[in-house]
Amino acid sequence: MNDEAALVTRAIEDAIGAGAADAEAYLSEETTREVRVHDGEVESLTAATGRGVGVRAWIDGRVGYAFGTDISREGVAAIARRAAASARVADEDEYAGPPQPGEPFHPLEGLSDPSVGEWSTERVTELALAVEREALAADSRVVGVEQAVYVDGADRVAIAASTGVSGEFEASSCYAYLQALAEGEGGRETGLGFGLARGPAGLDPAAIGREGAERATAMIGAGKPASRSCPVVLDPTVAASFTGLLGGALGADAVQRGRSPLADRVGEEVAGEAFVLHDDGLDTGGFAASPVDGEGVPRRRTALIEGGRLLGYLHDTYTARRGSAESTGNAGRRGYRSQPSVSASNLIVAPGRLRLSELIAEAGEGVFVTDVAGLHSGVNPVTGVFSVGASGRAIRDGAPAEPLREFTIASDLVSMLRSVRAAGSEARWVPFGGSVSTPGLLIGEMAVSGT
Amino acid sequence: MASPSDSTAELLTPDVAQRVLARALASGGDFAEVFAERRSGLTMAIDESRIESVQSGAEEGAGVRVLSGGTTYFAHVDGLDPGDLERAAAEAAAALSGGRAEPRELRAVATTPQPIEQRPEDVPAERKAELLRELDETGRGVAGEIEQLLASYVEARRRVAVANSAGLLTGDDRTRVRVGAQAVARRADRVETGAETLGGHRGFELLEDAAEIAESAAGKALKLLDARPAPTGSMPVVVGGGFGGVLFHEMTGHGLEADHVQKGASVYAGKLGERIAKPLLTAYDDGRLPGEWGTDAIDDEGTPTQKTMVIEEGRLTSYLYDRLRAERDSVESTGNGRRESFRHLPIPRMTNTYIAPGDAEPEAMIAEVEKGFYAVSFAGGQVDPATGDFVFGVSEGYLIEGGKVTAPCRGATLIGNCLDALAAIDAVGDDFWMKSGICGKGGQSVPVGTGQGHVRIAAMTVGGTQT
Chain A
1 MNDEAALVTR
11 AIEDAIGAGA
21 ADAEAYLSEE
31 TTREVRVHDG
41 EVESLTAATG
51 RGVGVRAWID
61 GRVGYAFGTD
71 ISREGVAAIA
81 RRAAASARVA
91 DEDEYAGPPQ
101 PGEPFHPLEG
111 LSDPSVGEWS
121 TERVTELALA
131 VEREALAADS
141 RVVGVEQAVY
151 VDGADRVAIA
161 ASTGVSGEFE
171 ASSCYAYLQA
181 LAEGEGGRET
191 GLGFGLARGP
201 AGLDPAAIGR
211 EGAERATAMI
221 GAGKPASRSC
231 PVVLDPTVAA
241 SFTGLLGGAL
251 GADAVQRGRS
261 PLADRVGEEV
271 AGEAFVLHDD
281 GLDTGGFAAS
291 PVDGEGVPRR
301 RTALIEGGRL
311 LGYLHDTYTA
321 RRGSAESTGN
331 AGRRGYRSQP
341 SVSASNLIVA
351 PGRLRLSELI
361 AEAGEGVFVT
371 DVAGLHSGVN
381 PVTGVFSVGA
391 SGRAIRDGAP
401 AEPLREFTIA
411 SDLVSMLRSV
421 RAAGSEARWV
431 PFGGSVSTPG
441 LLIGEMAVSG
451 T
Chain B
1 MASPSDSTAE
11 LLTPDVAQRV
21 LARALASGGD
31 FAEVFAERRS
41 GLTMAIDESR
51 IESVQSGAEE
61 GAGVRVLSGG
71 TTYFAHVDGL
81 DPGDLERAAA
91 EAAAALSGGR
101 AEPRELRAVA
111 TTPQPIEQRP
121 EDVPAERKAE
131 LLRELDETGR
141 GVAGEIEQLL
151 ASYVEARRRV
161 AVANSAGLLT
171 GDDRTRVRVG
181 AQAVARRADR
191 VETGAETLGG
201 HRGFELLEDA
211 AEIAESAAGK
221 ALKLLDARPA
231 PTGSMPVVVG
241 GGFGGVLFHE
251 MTGHGLEADH
261 VQKGASVYAG
271 KLGERIAKPL
281 LTAYDDGRLP
291 GEWGTDAIDD
301 EGTPTQKTMV
311 IEEGRLTSYL
321 YDRLRAERDS
331 VESTGNGRRE
341 SFRHLPIPRM
351 TNTYIAPGDA
361 EPEAMIAEVE
371 KGFYAVSFAG
381 GQVDPATGDF
391 VFGVSEGYLI
401 EGGKVTAPCR
411 GATLIGNCLD
421 ALAAIDAVGD
431 DFWMKSGICG
441 KGGQSVPVGT
451 GQGHVRIAAM
461 TVGGTQT
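From first to last, the protein sequence lines stand for chains A and B.
Its first residue numbered 1, the first sequence is counted upward by one per residue in the working numbering.
Its first residue numbered 1, the second sequence is counted upward by one per residue in the working numbering.
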């Protein structure tokens, strides 16, 4: 037994010693590195290590959680005692309990890229500087970069429960982004460029820099669109944000508690046929991939929307028991500081046949939305009704025309999905709204409020 | 006095701090700092009338930074053993290759943490569960249409100690409590939600009448059941007090943070001393307001918090500084160097930001509007400080027709540009109160207070769902 496995086993024993009937322990250790550059200089360089343990304890249908950074023998025992004490405060819930052992999990290849460990700090710093340089070189109207950032990290996770469930894995990830500043007419415009990979070797600094420059310069001279209802094309970053919201609505927890616009609609037509959605916790292209979920249940691929119909929801062990279903391996957790709860892993919108330019041509006359703001405040998650700030370009005669800003797009999630007329062919991984891979989408009709 | 305060001295003794700073500067650097922190907390929730998600956390760790030229070298570790701290110092210094620099001898500076009457950790967990049950019953009792009530309780204690090579050793002991309630109301197919929070840099004593927030959340959800789609277009907007201040927080506060300003990524850059609002507008950032959610004795660099006037009668008077950005502008830090935890670098952040009370009566401000919108409270907002574009989701809003507040509206969004909207403020009410919020920037969340009385903006774009 390795050190990690020994530690989680001891944490489980400690919790049971403190009165828990069942217990689960989760250990993670991580190293991260971040470089921020500005104006050709390194602004900050961060190196970090962290580790911690989270313990879930069950006593007579009551569940409690505790976590901490002290992983000494006494530290772990104290965390386990606090977990048991937390459980005693909770009310009984007949569905609460740890997962039971099922099929064993299979190790997942492709979660780690050795270049994370191999690239020196100098080399990744050079990458961040290149991102900034590329943005400045791309267009003379780019007058600066607020910051260009490179981040990488590697995690080790071990998880086990008193029922015999266990899992462990290692993963690496990295990303780079920048916020380019363009000199506009009477003001500045900003543009975000980003890239994601398992290691720095997988990033393309030129593409990231160019994207930031293009997005910033595209907004120069933007005006407001006329208020109307019209076709709207969402670029992949915007489509990803909405897909992330949809992922929340598809979590069985929200559904069972009557807080989802998609509750009680399995089998119903909820989307245009062009919108096909899966959750895939085994697709290593997405950062949410892992062999097991946050409570040790094997990850899998789950079809959510096909042929316009809702096929099912995302489950963890609790919601599966409550809904007489099977866990889909969607117990998510944000490290040891959070107890598991249902969440989407990698959401994947299937690509269609049309290129982005063809989606815009198909729209004919309307709005191309390249950015949305205020998603956390402009959406009612219970009903799916939303009104969010947006910017982008007008679409005239099937081609992108003048830039637009300071307008809102409004609809509700299900109406928007039903109105999807086509999905683009160029899908991209986007870190907004969780981990989402999606192409651009053509929405047949949406309310646009400008002037 | 040998130590900053009893509760923080154990985090970082002068001996250890001196050694860690010396190690951090072993390969050169202009400045070094060690930030040690012990954080603990308890959260729980009630949903479906059942206490759940009971969670207790205890973390400790330290962040060490070295400034050299224009670069910050930062490392953080979990754990507070002297070995952990020295490891962080060595890691922060690893990329430096200069000659040794010497930290100055440490001088402990005493601080006065906010007084806490009833320490949350001394209150039995069952009492906190009981409080959530009271919220649940109160909220559900408002009307039969209240279908769901969710409420949460959070207590957090952060003990921090800061030592730096300029000779400062100080600390703070921060306790915060906050409860939130969200109600879901249903009438036939209509479903609406309402939310309310109460939080402060206080002990459990703050929560004596906390059940009222459940009533307030339920009331908001009920009103929305009768709401019509919000109007669309440009019109006068009266913004409510308290959390209405999030509008100022977003459209001005962020743009005053010196990091944005110095990079030319703020519409307020180069405008110091200029008139940016009507003379009726004066505004502050005040990290010392007793018991407020965004209050601390010191910021996370050890600088005492202060009351900073940012707008005086319409003129821009100050930006908000941390140590690093203050040095660049050759000014003193305004005590706004904050960080989410030892795992983060300090950056300029607001504390409690507010528009000072004016002399208008709220009723009169509304009575003067023929056709407009009354935004009582917001679900939140977002701004791009570089362009000044902002967007706010209105959680409670009404039409103003013929000088009277009439129909409730749902789905309203306020959208606009900071400088235009700020200049368009034409009345500030004489009522005033503060609310608690969580502000995110650069991946870091910190507690902030927002406040104001009623404020009227002569023209602003309301983006509604009415088509």
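A portion of the hints provided could be inaccurate.
Examples of chain B residues lying across from chain A (beta carbon under 10 Å, computed) [as the list claims (entries may be wrong)]:
1. Q55
2. H76
3. R87
4. V123
5. A125
6. L150
7. A188
8. V191
9. V391
10. G393
11. S395
12. L419
13. A423
14. G464
No lab work stands behind these hints, which were simulated from the structure alone.
Remember, it's a predicted structure, so these values are computed and weren't measured experimentally.
Glycine is no exception: its CB is placed at the ideal position from the N, C-alpha and C atoms.
For each hint, the structure was consulted:
The criterion of a C-beta within 10 Å of any C-beta in chain A is met by Q55(B), whose closest approach is roughly 4 Å, and the hint holds. Hint on H76(B) holds. Least Cβ distance to chain A is approximately 5 Å, under the 10 Å limit. At about 8 Å, the closest approach between the beta carbon of R87(B) and any beta carbon in chain A falls short of 10 Å, and the interface hint on this residue holds. Given hint, V123(B) at the interface with chain A, is violated; its Cβ is 12 Å from that chain's nearest Cβ, farther than 10 Å.
For A125(B), the interface hint holds, since its Cβ comes within 10 Å of a Cβ in chain A; the closest pair sits about 4 Å apart. For L150(B), the shortest C-beta to C-beta distance to chain A is roughly 9 Å, which falls under 10 Å, so the interface hint holds. Annotation: A188(B) was flagged as interfacial toward chain A, and the flag is violated, the nearest CB pair being 13 Å apart, outside 10 Å. Interface hint status for V191(B): upheld, as the beta-carbon distance to the closest one in chain A is roughly 5 Å, under 10 Å.
For V391(B), the interface hint holds, since its Cβ comes within 10 Å of a Cβ in chain A; the closest pair sits about 3 Å apart. The restraint placing G393(B) at the interface with chain A holds, with a minimum CB-CB distance near 3 Å, inside the 10 Å limit. Taken as an interface hint, S395(B) checks out: its beta carbon lies about 8 Å from the nearest beta carbon of chain A, inside 10 Å. Because the beta carbon of L419(B) sits about 9 Å from the nearest beta carbon in chain A, less than 10 Å, this interface hint is met.
Look at A423(B): its Cβ only gets to about 14 Å from chain A, farther than 10 Å, so that hint breaks. The criterion of a C-beta within 10 Å of any C-beta in chain A is met by G464(B), whose closest approach is roughly 7 Å, and the hint holds.
Of the numbered hints listed earlier, those contradicted by the structure are 4, 7 and 13.
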